[in-house]
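Each protein sequence line maps, in turn, to chains X and L. For reference, each letter of the first sequence is one residue, going 1 to 331 in the numbering used here. For reference, each letter of the second sequence is one residue, going 332 to 710 in the numbering used here.
Read the hints as simulated data drawn from the structure, not as lab findings. Beta carbons: idealized from backbone N, C-alpha and C, even for Gly. A hint or two may mislead.
[Said to hold, decoys possible] Not close to chain X: a few residues of chain L, all C-beta gaps over 12 Å, as computed:
| # | residue |
| --- | --- |
| 1 | Arg390 |
| 2 | Ala402 |
| 3 | Arg448 |
| 4 | Ala483 |
| 5 | Val600 |
| 6 | Ala678 |
| 7 | Ala710 |
[Claimed, not checked] Computed list of lysine-lysine pairs in DSSO-like fashion (alpha-carbon distance at most 30 Å, straight line):
| # | chain 1 | residue 1 | chain 2 | residue 2 |
| --- | --- | --- | --- | --- |
| 8 | L | Lys707 | X | Lys33 |
| 9 | L | Lys685 | X | Lys159 |
| 10 | L | Lys652 | X | Lys31 |
| 11 | L | Lys652 | L | Lys685 |
Spelled out from the first residue to the last, the chains are:
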Amino acid sequence: MTTEGQADGRMGGWADGDPRPAISLRALTRKFKDLTAVDGISFDVQPGELFGLVGPDGAGKTTTLRMLSGVLRPTSGDALVGGTSVVRDPEGVKHRIAYMSQRFGLYTDLTVRENIDFYADLYRVPAAERPARLERLYHFSALGPFENRLAGKLSGGMKQKLSLCCALIHRPEILLLDEPTFGVDPISRRDLWLILHEMVAEGVTVLVTMAYMDEAERCDHVGLINRGRIIALDRPAALQKNLGGHMLAVRPSNGRQALDLLRAAPGVRRAALFGDTIHVTIESRERDWPGLEAGLRNAGVDLLDVHEIEPGLEDVFIQQVAAADAAEAAV
Amino acid sequence: MFGLNRERLRQMMRKEFRQTFRDPRSARILFVAPVIQLLLFGYAVNTDVRNTRTFVVDRDGTAESRQLTDAITASGYFQIVGRGERPAQLVDAMDHGTVVMGVEIPLGFAADLAAGRQASVQVLVDGSTANTANVALGYATQIITRFGLQHAREVLARAGPLPAVAGVDFRARAWYNPNLESRVYNVPAVMGTIVMMMSLLLTSLAVVREREIGTLEQLMVSPLKPAELILGKTLPVVLIALAQLVLVTGVALLWFGIPFRGSFALLAVAGLCYILSGLGIGLLISTISATQQEAFMSMFFFFLPAIMLSGFMFPVQNMPKVLQYLTLLDPIRHFLEVVRGVFLRGAGWGILYKQILILFAMGVSVLWFATTRFRKTTA
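Please model the entire structure based on the sequences and the hints provided.
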C-alpha cells in the first residue's frame with residue numbers, strides 16, 4: 001500500500017529524488033479592493049511533507065489555500081502546485097489536489113456511500129480500484145457501519161471525517177486542508193490526524209491550516225502567517241528554541257496589576273497573561289529577575305509561585321505576532 | 332470549456348435525480364402540485380359573464396315591462412336578485428355592491444311603445460368591475476335592442492302589411508371556440524404558466540443551494556466542467572418538466588374536455604424549447620445569486636411580469652407599443668401562442684414555427700450564458 005501511495009504521489013511526473021518542491025509559493029498576493037488578504041508570501045513545501053500554516057482568523061490562510069487550489073486567481077505572484085502554475089493553468093492544478101474547505105460541502109440528502117461515490121465519479125476513479133480504496137478509507141474513518149446513513153444525520157466529527165474521505169478517494173498527490181479540526185471533538189480530532197499522518201507516510205504532501213498552535217507540533221514545518229505575511233517559518237522545535245531568553249511562569253496575587261507593572265518594567269521582553277499565570281520573557285533570570293521581583297513586592301503584589309518554563313508554541317506564536325505588529329507599527 | 336465528459340455528466344445527473352427523489356414527499360409534490368394548480372386555476376380563471384346580479388326597478392308595471400324583464404332573465408346572463416319601485420333602492424343596492432347591474436323601466440314605457448314613440452330604458456353598471464360591466468352591458472344592450480325591434484315590427488304589422496325593406500342580416504359566429512367559453516381559452520394558458528413556474532422553481536435554487544452548503548466550492552476544485560455542471564443540473568429538470576407537461580395536458584383534455592385540434596409532436600417540441608428557456612432563466616438566476624433567498628426573489632421578479640406581459644390575462648395587442656416589443660422577450664408569451672394555436676385552432680408547423688424557433692433560441696442562449704457565468708476560478 002505504501003509503495004503504491006508513493007507511486008501515486010509522484011504521478012505528477014517528476015523523477016525519483018527530484019528535489020523540486022510539491023508546492024512553491026512565489027510572492028503570492030491577493031487583494032480584495034483595499035484589503036490585502038495575502039501579501040506576497042513565498043515558501044516551499046517539500047514532497048511528502050506535512051506543513052502547517054498557522055495564524056489567527058483573518059490572517060489570510062483560507063485565501064492562500066483557495067489560490068493554491070485554483071479557485072481564486074492571485075492578484076500577483078504565482079504558485080506552483082505539483083509543478084503546475086495556478087495562474088496559467090488553474091484547471092490543471094485541480095486534477096492533482098484535494099482541497100477540503102473549512103465548510104466542506106457534503107450533500108446532506110445523500111448517504112455516506114453516495115457522497116464518496118459522487119466524488120469518485122467526479123474524479124473518474126476506475127471502478128476496479130474503488131472497493132480497495134473505500135475499504136481503506138472506512139478503516140481509517142470508522143465510517144463503514146454508517147455507509148447508508150444520510151450525511152446530514154452524522155455528528156460533526158463524522159461529517160468532517162466523511163469530508164476527508166471524499167477528498168481522499170481520488171488519491172490526490174497534494175492535500176490542502178483548511179482548519180480540518182475546527183470544532184471537532186478530541187476523539188475525531190485524533191482520528192483525523194491519524195489519517196493525515198497515514199497519508200504523509202504514503203507520500204502525499206499535506207498543507208494544513210490552523211488557528212491554534214496546539215496541533216502545530218504534529219507538522220514537519222510550520223509557517224506562521226499574520227496579516228497576509230509569513231512571519232516565521234521553521235520546524236516546530238526550532239521555532240521554540242529560537243524564542244531566546246528565559247520564560248518564567250509567575251503566579252501573582254493580583255494578575256492585572258502585576259501584568260501592568262511587568263510590562264512597564266525595563267528588561268521585560270514580553271509578558272502575557274494565561275489564566276492566573278503570567279508568562280514573562282526576560283533576557284537572563286539571574287540578572288533581571290531579582291529587581292523585578294522586588295518591584296512587584298514593593299507594589300504590594302505577592303508572588304505565589306515562580307518557575308522557569310519551556311516556551312510552548314503558543315508563546316512563540318504570540319510573541320512572533322506581537323513582534324510583527326510592533327515592527328509594522330514602527331514603519 | 333464545453334469539452335464534455337459523458338460519464339461525469341451522467342454521474343452528475345444521477346446525483347441530481349437521487350437528491351430530487353430522495354424525499355418521497357417532495358417527489359410527490361412535483362407531480363401532484365401541477366395537477367392541483369391546473370384544476371384550481373382552470374376553474375378560477377373564468378372570465379365568462381353569467382348570472383350577473385341585477386336589480387330591476389319597474390316603475391311601469393305593465394305586461395310590456397314584465398316581458399322585457401323576462402327577456403333579460405331568459406338570456407341566462409342575468410339573475411334578478413332584487414326588485415323595487417323607486418330608483419333610490421337601486422342606487423342603494425349598487426352602493427352596497429350587492430348588484431352589478433341595474434335596469435330601470437320608467438313610467439309610460441308600455442304607452443310609448445304602443446304609440447310608436449321612442450321608449451327609454453336606463454341601464455346602470457358597476458364600473459369598478461370594468462371587465463364584467465363591459466360584457467354585461469353588451470349583453471343587456473343586445474337584449475333590449477332586440478326587444479325594441481320586435482315591438483316595432485308588431486306595431487308596424489298592426490298598421491298594415493309591411494313594405495319590403497332590405498335589411499342586413501347579421502350573423503356572428505365565433506370560430507375555434509363557438510360558445511366563447513373562457514375556459515377553453517384559458518386552460519391551455521394556465522398549463523403554460525404552470526410549466527414555466529415548475530421549471531423556474533426546480534432550477535433557480537439548483538446552483539445557489541450548492542453554493543450555500545459549500546458543495547459548489549468542492550465542485551469548483553474538482554475537474555468538473557461548467558458545462559457538465561449546468562447540463563447535469565438541466566437535463567433531469569427537462570425530463571421532470573416534460574413529464575409535468577404531459578400530465579397537465581392530460582388533465583386539460585380529459586378533465587376539462589378542452590378540444591385538441593393540433594399535433595402532439597408540435598406541442599412536445601415547443602414544450603421542450605419552452606422548458607429549456609424557463610430552466611435556462613432559472614439556472615442563470617441561480618448562478619448569479621449569492622443566496623437562496625436572493626435567487627427566490629429574483630425568480631419572482633421575473634415570473635410575475637412575465638405572466639402579466641404574456642397575454643395570459645391581458646391581450647398583448649391592447650398594450651402600449653413599447654410594452655408589446657418587450658413581450659417579445661417573454662417566453663411565456665410565445666408558448667401561449669403555441670398552446671392556444673395548437674389546442675384550439677389546430678395550427679401546424681407552418682404557422683407556429685416562428686414561436687418555436689424563438690423559444691429554442693431563447694433556451695439555448697440563456698443556458699449558454701448561464702454556463703459562461705459560472706466560473707470555476709474567481710477573478
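Consistency of the hints with the structure:
1. Arg390: holds, 73 Å
2. Ala402: At roughly 65 Å from the nearest Cβ of chain X, Ala402(L) sits farther out than 12 Å, so the non-interface label holds.
3. Arg448: holds, 81 Å
4. Ala483: holds, 77 Å
5. Val600: Non-interface label on Val600(L) holds, nearest chain X Cβ at 32 Å vs cutoff 12 Å.
6. Ala678: holds, 43 Å
7. Ala710: violated, 5 Å
8. Lys707(L) - Lys33(X): holds, 21 Å
9. Lys685(L) - Lys159(X): violated, 52 Å
10. Lys652(L) - Lys31(X): Violated, because 48 Å separates the two Cα atoms, which is more than 30 Å.
11. Lys652(L) - Lys685(L): This hinted pair holds, its Cα atoms lying about 20 Å apart.
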